[in-house]
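Residue numbers (the numbering used here), protein chains in the order written: chain A, 5 to 357; chain B, 67 to 165.
Errors might be hidden in some of the hints.
Stated by the list, open to error - Okay, derived cross-link-like pairs now, DSSO-like style, lysine-lysine, Cα gap no bigger than 27 Å in a straight line:
| id | chain 1 | residue 1 | chain 2 | residue 2 |
| --- | --- | --- | --- | --- |
| 1 | A | Lys335 | A | Lys90 |
| 2 | A | Lys90 | A | Lys55 |
| 3 | A | Lys175 | A | Lys242 |
| 4 | A | Lys335 | B | Lys153 |
| 5 | B | Lys153 | A | Lys175 |
In case anyone wonders, no lab produced these hints; they're calculated from the structure. Source: prediction; values computed, not measured.
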Amino acid sequence: MPCLILNFRHFKTVRFAVLAASVLCASRYGVAQNIPLISGGAGFFSDTEAKQTSFYPIIEPLLAAPIGSHLLIESRAALIESYYPKGIDEPGYDHMHYIALTYLQGDYFATPYLTIVGGSFLIPFNTYNDRLSPVWIGNFQNGPIIANIGTMSTGTGTGGMLKGSAISSPKYSIDYAAYFSSRADNMQFEAKRSDGGRASLYLPEQRLEVGLSYDRLLQGPPESHENFYGMHVWWEPKNSAFRLRSEYARGHHADGYWVEADYRTQAFGGLDSVIGRFEPVFRMQQSFRRDTIVSDGVPLVNTQRADFGMNYNLPHNTRILFSYSRQFSSKGNFNDWQTGIVYRFLFPVWKGK
Amino acid sequence: MRVKQVFVALAVVAAMPAFPQAATSATPPATQTAPKPTAHAAAKPLSEGDRIFQQQCSRCHTAPEGFSPHISGTILMHMRARASFSKHDEEELLRFLNP
């Protein structure tokens, strides 16, 4: 009988504990809701080359909408209005606009190690195209010279992709992506027939990431099928706001690299102090032509470019970008001055309960 | 009479913006934001979620200054697809963003 009383009390205790845990969990995770979100960046840039200044207001919204816990629909668009001088001898400005979906894809989280992507997606070649290209992430207004090598000129594929984290441990992690894209001549989702992938190794203690990329153009006559190879190395030392990123890419007709470094000091009151918000940036890049066949957007002659930037990270997700670049090539050297301001937004599509 | 109706109509139109404001001021604040991750923090020991945030998210971009907790799950789904982090990382980040 005492045993029964004990059991009954025990049962009550367990029931209370379960109830308390449920309330605790509900309060802990109750706010973690999957309401669709709109994120992205809005910016205003200017670009001065040869005493001619152009202006580029831009909005890049991204919509992410979960359907259940395993499926996510996401899409990014670009709305750009360009204002540029009519000509050297002609006063005034002309303008043109560009509105397009950058990608529209569905992500199905099949297992902890596998995500199946379908639709129009960013080609996973090196890092710039699918990781650094959003307007609010990039340290410079312009992408690297070699950004089009391996990304099939459109940057997007239409088809399917398998990606995920193959191994993840405190010592190292490996992630992968493999895709196939069919040819698409649709104006919104233009893509070339290609396949390829990327694998990256990340060492958390060293804060070092090394990755290899490969893809192949499968469109056109067999002799024009082109292989692209890429490699990236990122290093972000622990307890430091220094970042070093680099990429190398090689195609049949051109190759090149870029190395970018940025730094924010914590020595004068931390990163959110007036001084800590300054972010000097430097990028060195070179491209080399292997022949005169143009298939990759890389300049027709060997080109070197040095970019010096000074960004300022304002409160409220706003950033001021300023840079000076000097480009050298046999076709002539020139200066490029760029300024801009970018605001990053992130909010739910509707108000949660 | 007609003038009076016009005045009443104008008064109603003028008062309209005040009603939503009064209504929202009576409701609890919906702008509660998740704690700002201590990206780049140097000295203090890091939680598992903070460590993962620094390693997985700050590699590409700085932390947002704050966002509604109602979208933290969506952000993590989006980032799981984009940055290919593991299910464990996703769960730890969810705890970190919703302490």
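Hints and how they fare:
1. Of the pairs offered as hints, the one joining A/Lys335 and A/Lys90 holds, with about 23 Å between alpha carbons and a cut-off of 27 Å not exceeded.
2. About 13 Å separates the Cα atoms of A/Lys90 and A/Lys55, which keeps this hinted pair within 27 Å; it holds.
3. Distance restraint check for A/Lys175 and A/Lys242: the Cα-Cα separation of roughly 14 Å lies within the 27 Å cut-off, and the hinted pair is therefore satisfied.
4. The suggested pairing of A/Lys335 with B/Lys153 is violated, with an alpha-carbon distance near 51 Å, which exceeds 27 Å.
5. With a C-alpha separation of about 17 Å, the suggested pairing of B/Lys153 with A/Lys175 holds against the 27 Å cut-off.
Hint 4 from the list above is the single one not met by this structure.
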